[in-house]
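**Q** Residue strings, one per chain:
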Amino acid sequence: MEHIRMPKVENVRLLDRLSSRRAVVGTLYLTATHVIFVENGSETRKETWVLHSQISSIEKQATTATGCPLLIRCKNFQVIQLVIPQERDCHDVYISLIRLARPVKYEELYCFSFNPKLDKEEREQGWKLVDLNEEYNRMGVPNNYWQISDVNRDYGVCDSYPTEIYVPKSATAHIIVGSSKFRSRRRFPALSYYCKGNNASICRSSQPLSGFSARCLEDEQMLQAIRKANPGSDFIYVVDTRPKLNAMANRAAGKGYENEDNYSNIKFQFIGIENIHVMRNSLQKMLEVCELKSPSMSDFLWGLENSGWLKHIKAIMDAGIFIAKAVAEEGVSVLVHCSDGWDRTAQVCSVASLLLDPYYRTMKGFMVLIEKDWVSFGHKFNHRYGNLDGDPKEISPVIDQFIECVWQLMEQFPCAFEFNERFLIHIQHHIYSCQFGNFLCNSQKERRELKIKERTYSLWAHLWKNRADYLNPLYRSDHSQTQGTLHPQIAPCNFLYKFWSGMYNRFEKGLHPRQSVTDYLMAVKEETQQLEEELEVLQERLANLQKSQSGDNKVKSKQQDQSKQIGLYTSNNTLANTPQEYSNDLKSFPSRSPSQGDEEDSALILTQDNLKSSDPDLSANSDQESGVEDLSCRSPSGGGCLPSEDSGKDSDEAVFLAG
Amino acid sequence: MEFAELIKTPRADNVVLHRPFHPAVEGTLCLTGHHLIFSSRRQDNAEELWLLHSNIDSIEKRFVGSLGTIVIKCKDLRIIQLDIPGMEECLNIASSIEALSTLDSVTLMYPFFYRPMFEVLEDGWSSFLLEQEFELLSSVTNEWRLSCVNKEFSVCPSYPPVVIVPKCIDDEALRKVALFRHGGRFPVLSYYHKKNGMAMMRSSQPLTGTNGRRCKEDEKLINATLRSGRRGFVIDTRPLNVAQQARAKGGGFEQEVHYPQWRRIHKYIERFNILQESFIKLVEACNDQSHNMDRWLSKLEASNWLTHIKELLTAACLAAQCIDREGASVLVHGSEGTDSTLQVTSLAQIILDPRCRTIRGFEALLVREWLQAGHPFQQRCAQSAYSNSKQKWEAPVFLLFLECVWQIHRQFPCSFEFNEQFLILLFEHAYASQFGTFLGNNENERAKLKLPQKTMSLWSWVNRPEELSRFQNPLYEANSLVIWPSVAPQSLQLWEGVFLRWNRPSKFLEEAEEERINIIRYNKELQAKVNTLRRQLAEMETDEEVQ
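In order, the protein sequences belong to chains X and C.
Counting in UniProt numbering, the final residue of the first sequence is number 659, and the numbers go up one at a time with none missing.
Counting in UniProt numbering, the final residue of the second sequence is number 547, and the numbers go up one at a time with none missing.
These are computed hints drawn from the structure, not numbers from a lab.
With a Cα cut of at most 30 Å, we get these calculated DSBU-like pairs of lysine-lysine:
1) C/K507 with X/K525
2) X/K525 with C/K524
3) C/K299 with X/K311
4) X/K525 with C/K529
5) X/K285 with C/K299
6) X/K311 with C/K281
7) C/K299 with X/K498
8) X/K105 with X/K453
9) C/K281 with X/K293
10) X/K325 with C/K507
With the hints as constraints, model all of the structure from the sequences given.
**A** Below you can see the structure in the form of structure tokens.
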């Protein structure tokens, strides 16, 4: 609290990004964990909550006659523009937020104060939901070829690896340790995915320290052991996910890539995915395009192309497709690495696993996948997502890109995934929110030292509890798309890589389809379930009635209570929205029509009514995601994190503007 | 003329058909007067492909030894390849297809020969009459009348025989106004907004010329749509400088001095040859098999197609906004009033009028605002994106309109009674069809060709319950409100259903649609069952009470 210079400022204006004329006045509060804006006005008093950990940048702009503007950009792609009347207040808020948004100790993060009112047992149960031991068993290891190694039990060999690691049976501790010394940050080849059907596997590591000519017998033996663990194939692919030029440059620093001549029976392959710095800049460029006030189609498409973002997404996907094909169709094992083996390697291994194994396309399986390829193998969440104040050059949207790859696949295979887009968006949100302990720190070792499991809650349990909100209505476990390997198209003309406005313009609801097919179908399915239940009850009653020829009043009155009134498609589709600014010409028109109702001016985006939500965590985003208001007639299926219908309606209207 | 004269080789065996995402098939190729027919010989999977010659946009031939290959590019954007053994056969077949796909005379087109195999329940030629439309209008207002001034197509050759005009304007005045408007297209009612009594009119440009000619009757006509003391908007689909230049050629625009109650807004919508070029570039981009993402995006951008979509949607939204939000009447026109004008007026109605989002209402809209309003379908749809010949009057004006409807549909997936397939069907039939609906350039030509007597209407076929069921949107729930689409670039997407239709495997998307249909069908079945049981129970219980 000592960092809050200014806990409360009144008469602050919250601007609408799409139109300056839709600003609302309210009070700004700074708390230890959130920035809160409460709209003035007796009835609505809408609230906008932003977690400090979501703030990616704060910009103080030049003071104008109306006040001092403050621009807050968030890691979940929300952009908030405030105007604070007094320059001095604005400065205080700015200074406070700069500090609050960049905590220096883990203990300052929200997860250590977040309390969902669960008892100890529930918390422990939550952490047990995803169990990697169980997962390796599901894959079919240990078996004749693979075993668990305890060589890293005290993180003695590699401090960014987990303690329990699967390696080929023929790889002795000597080989592993030897190999680890020949790999960047001692990240030696370890099992990521094992394909039960044909013994082919995906292994991961960091780059070898080969320089221009160095060799390491143990490392060569290690790769041979991986090949031998797949008796059906006489070679393995080694996939370096970096552009060739980058890999070559690394040789000068004593690192590099495998020399095919030194390793027996490997096929070496480059797949050029750019490094974290290129990706960070690419996202930055794309977000600039998203932030344009009213871009022309050319501005937008040119900006999108120029950002290179979709090209990078495609590169990651192509790599995943290559590996999945090698494993499923050729039955060949693959060793994947990049430089350190914790960014591109994680992306590519998890895309490949997702394509290969339908389990990872289920809700539970997807959690397991992230836990396996990202959390346990030491993806540096803290550095990449800037949870603690650190080097800005370490920040990069690595897992964001993986999440987008999944979304692009969902567009191509609409029935293949058990979860929906909202699930992905919420996971992205919580990778940055630091509300749950899952993604804290840079490695398993650090998390254990911090006692994350004893002190924080697991996101997976939270998502699982609300899983009804995240279901894809088109998913059936017996559908052909949910079986076996997915084979996506790779040419842009065969498979349109799309800009994901649901993510990057997530808070600008006016840009999204105004009716959600997913929510509609989920509501129908829920109603169907109720109907099934009622049908059963009715059939039973009918049978009873037919049996007992004589009257039985007691039964009847009870039955009347039971019979549910199911509102069928009768209720009105209250899809009230308002037009955008389609022309500037209308503004200067003198005779403004009286039909311009208040309703257009009162609304505001990016808000939610906290009073109605008992779950503060999702307060900042849940409204935006669920509220397709033509569904207001239907009962939403979910738990506490679904918003009220009212706020959905209001935020929906806000986006459009009468000229 | 006998078609047989054009067919030297009516049949070839051992022909191999190649299509993207299908294995090559061997079979027999037959040519008839109107069709190219390919049938595979395989017993297990007999497959037939029927292609209308009129659907063929261009044909290329090449030879490797004596094996000839013909690549056929269709107006529906599909590309197929046929390998034909024998150089002579191949040459004969290619020249026959060339001749048969470019017949000059309309009366040689397939619709004049097509005999339907289905029972006609309702003659589509008389399904949508303006008289019925007027009857509906009369139930809410008496400010309008039906005029038969154009009975003989003498006042305006591209207008239908009857039009709706303000009641206070007589036929004599209409004749004068017609002389003041390009091609005689005087302002007529396009849409009446029941909610507030505002009207949308459409016309062509006024013939003011350089010396600022005026026409009192024209002013009186359009002022008749205004409430006292209120203003209206003229939405001119040309930029101001183009409108100004038009004066040199005798055209022009409504000048403030003579139309003080009207405010003019110029919303530029691109015209034919530019659109056709854009269409050709887009289709080229979509057929580029390169794996390069940048190249794809830059080609998509360079085609400008989505820019045209955005411009058109914006203009339509503006027109709708003037009517619904500003409570003003609107007059829409460009130059001729047969292309961009109709795009704007029809899209504005999709936004404003829930009836236009039903199947029947959408059909009525097409008949009213496109066919009867004199959009020159035959000229515009003579060639599609693959044509090599020099373009004359071709332009994807109607396709752009359909795509805009699709864009709105994508944003409001539950508010339309029809599905994407319906829009694709209309695109196909506008370019090549067994039905006479889209033949001719206006009602005058259709009457001369005696299309209603000599050909079948598309509506006769599509409105039969068994066909209709394929075009229904399972998610539809009537939405009585105005639907305002977003026109931001982030909200607009390439219409994959048309442009990537033949280039992408459609299986997974079709399966998804099937799932959606099944989920809803099952729900409805259960509802029906539950309702029956409830009724049954209620009856039994009352019986008991009576006892």
